[in-house]
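Chemist: Chain by chain, the residues:
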Amino acid sequence: MVTCSADGKPNTTVISQVYYVDETHVALSFQFFSKTIRNVRENPRAFVCVFDIAGQAHWALQLQFERSETTGPVFDAMDMQIEAIASMTGMSGIFKLRAADIYRVLSVERVQHPPWT
Amino acid sequence: MIPGKLVRFLEQYANVAYAGIRDRDLVPFGHRVCGWHVGADQRTMSILVPEEFRERLVDALLHNRELAVTVEEFPSHETYQFKGQYLHHRVAQSEDSEIVERVRRRFVKSLRPLYPEAPVDVLNAFVSPPAVVIEFEVLEIFLQTPGPGAGTRLVPPIES
Chain A
1 MVTCSADGKP
11 NTTVISQVYY
21 VDETHVALSF
31 QFFSKTIRNV
41 RENPRAFVCV
51 FDIAGQAHWA
61 LQLQFERSET
71 TGPVFDAMDM
81 QIEAIASMTG
91 MSGIFKLRAA
101 DIYRVLSVER
111 VQHPPWT
Chain B
1 MIPGKLVRFL
11 EQYANVAYAG
21 IRDRDLVPFG
31 HRVCGWHVGA
41 DQRTMSILVP
51 EEFRERLVDA
61 LLHNRELAVT
71 VEEFPSHETY
81 QFKGQYLHHR
91 VAQSEDSEIV
101 ERVRRRFVKS
111 LRPLYPEAPV
121 DVLNAFVSPP
131 AVVIEFEVLE
141 IFLQTPGPGA
151 GTRLVPPIES
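Protein sequences, first through last, are from chains A and B.
In terms of our numbering, the first sequence is residues 1 to 117.
In terms of our numbering, the second sequence is residues 1 to 160.
Where hints are given, some of them may not hold.
Every beta carbon over 10 Å from chain B, so not counted as near; a handful from chain A, in silico [what the hints assert, rightly or not]:
1) 18
2) 19
3) 53
4) 67
5) 74
6) 76
7) 77
8) 80
9) 81
10) 84
11) 98
12) 99
13) 102
14) 104
Derived, one-sided and incomplete: chain B residues facing chain A with beta-carbon distance under 8 Å [stated by the list, open to error]:
15) 18
16) 22
17) 52
18) 68
19) 81
20) 116
21) 118
Hints listed in this document are in silico derivations from the structure and should not be mistaken for laboratory results.
Just so we're clear, the structure is a prediction, and the values are computed from it rather than from any experiment.
Cβ atoms here follow ideal geometry from the backbone N, Cα and C, with glycine treated the same way.
Based on the sequences and whatever the hints tell you, model everything.
Modeler: Right, dumping it as structure tokens:
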């Protein structure tokens, strides 16, 4: 995930999941008070790239931060997924969901990998 | 200066990286990085970028020079972010392909337990060949391994 501060400094981070909310929204986890969280609250634009190993491609999403949710079905579903991911990756007790940050999807681009030769 | 411990991490263990830039309207973009190496003075770093990400990355860097690169070892999730300013770029050469090959071997080895049935070509293709090499001056380094310490600035050290 890439964000940018109001003074023009980009910030990149690895995130554990991009949660599908509906046709025009995704949710990202807010787990720690990070530079990413500060950036999207001063400059709401964000970029996320998800890897599609089987499809041999990346999906690039342009996003705009809309709101933060601390209760409700999206938060509950993400909380459960994060616990599962933490358990699978040996990070239990480290990953903890503070909020589900809801983003509007502005564009989606498929970036195909060239075939391996 | 990039500490020796981080140089070893970059050269021997890290297996995935991503570069972040922004355009003139402060819109951020991300670009997959297929290789990296540290300059001899340990003040600069070069990233190797595939063709599919080259144009937008170079255009943005020529405009504002701002670059952030996150490098991770999967599956341990040990992660660092290197922030700095673009110096120059050049077309990738054969020796750069050797760097990418080392990263590819580490990356495929890390993914194999998750995708035991995946054809090796599919996993290899995930690390694309390099098209361009971008050198930048590293001004700040942050710890980004998941956990409460994520985001701590390591270089320059925070004054106590």
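Chemist: All the hints need checking, so say for each whether the structure fits it.
Modeler: How the hints compare with the structure:
1. For residue 18 of chain A, the non-interface assignment is confirmed: its Cβ lies about 13 Å from the closest Cβ of chain B, beyond the 10 Å cut-off.
2. Interface exclusion of residue 19 of chain A from chain B stands, the closest Cβ pair being 17 Å apart, more than 10 Å.
3. With 10 Å as the threshold on Cβ separation, the claim that residue 53 of chain A sits away from chain B is violated: the shortest Cβ distance comes to roughly 6 Å.
4. Listed as a non-interface residue, residue 67 of chain A keeps its Cβ farther than 10 Å from every Cβ of chain B; the least gap is roughly 19 Å.
5. For residue 74 of chain A, the condition that its CB be more than 10 Å from all CB atoms of chain B holds, with the nearest at approximately 21 Å.
6. Non-interface status of residue 76 of chain A relative to chain B is upheld: no Cβ of that chain comes within 10 Å, the nearest being about 21 Å off.
7. In this structure residue 77 of chain A is separated from chain B by more than 10 Å, as the shortest Cβ-Cβ distance comes to about 20 Å.
8. Distance check for residue 80 of chain A against chain B: the nearest CB is about 18 Å away, which clears 10 Å, and the non-interface claim stands.
9. Look at residue 81 of chain A: its CB is around 15 Å from the nearest CB on chain B, clear of 10 Å, so calling it non-interface holds up.
10. Non-interface call for residue 84 of chain A relative to chain B: holds, since the shortest CB-CB distance, roughly 14 Å, exceeds 10 Å.
11. With a closest Cβ-Cβ approach of about 12 Å to chain B, residue 98 of chain A is found to remain outside the 10 Å limit, as its non-interface label requires.
12. For residue 99 of chain A, the requirement that its beta carbon stay farther than 10 Å from each beta carbon of chain B is met, with the minimum near 16 Å.
13. For residue 102 of chain A, the condition that its CB be more than 10 Å from all CB atoms of chain B holds, with the nearest at approximately 18 Å.
14. The beta carbon of residue 104 of chain A sits about 14 Å from the closest Cβ of chain B, which is more than 10 Å, so the claim that it is off the interface holds.
15. A distance limit of 8 Å between C-beta atoms decides the matter here; for residue 18 of chain B the minimum to chain A is near 5 Å, and the interface restraint holds.
16. For residue 22 of chain B, the shortest C-beta to C-beta distance to chain A is roughly 4 Å, which falls under 8 Å, so the interface hint holds.
17. Taking 8 Å as the C-beta contact cut-off toward chain A, the hint placing residue 52 of chain B at the interface holds, the least distance being around 5 Å.
18. A cut of 8 Å between beta carbons decides the hint on residue 68 of chain B: the least distance to chain A is about 5 Å, and the hint holds.
19. Because the beta carbon of residue 81 of chain B sits about 6 Å from the nearest beta carbon in chain A, less than 8 Å, this interface hint is met.
20. The beta carbon of residue 116 of chain B is not positioned within 8 Å of any beta carbon in chain A (closest approach about 12 Å), and the interface hint is therefore violated.
21. Hint on residue 118 of chain B holds. Least Cβ distance to chain A is approximately 7 Å, under the 8 Å limit.
In the structure shown, a violation is registered for the earlier hints numbered 3, 20, in ascending order.
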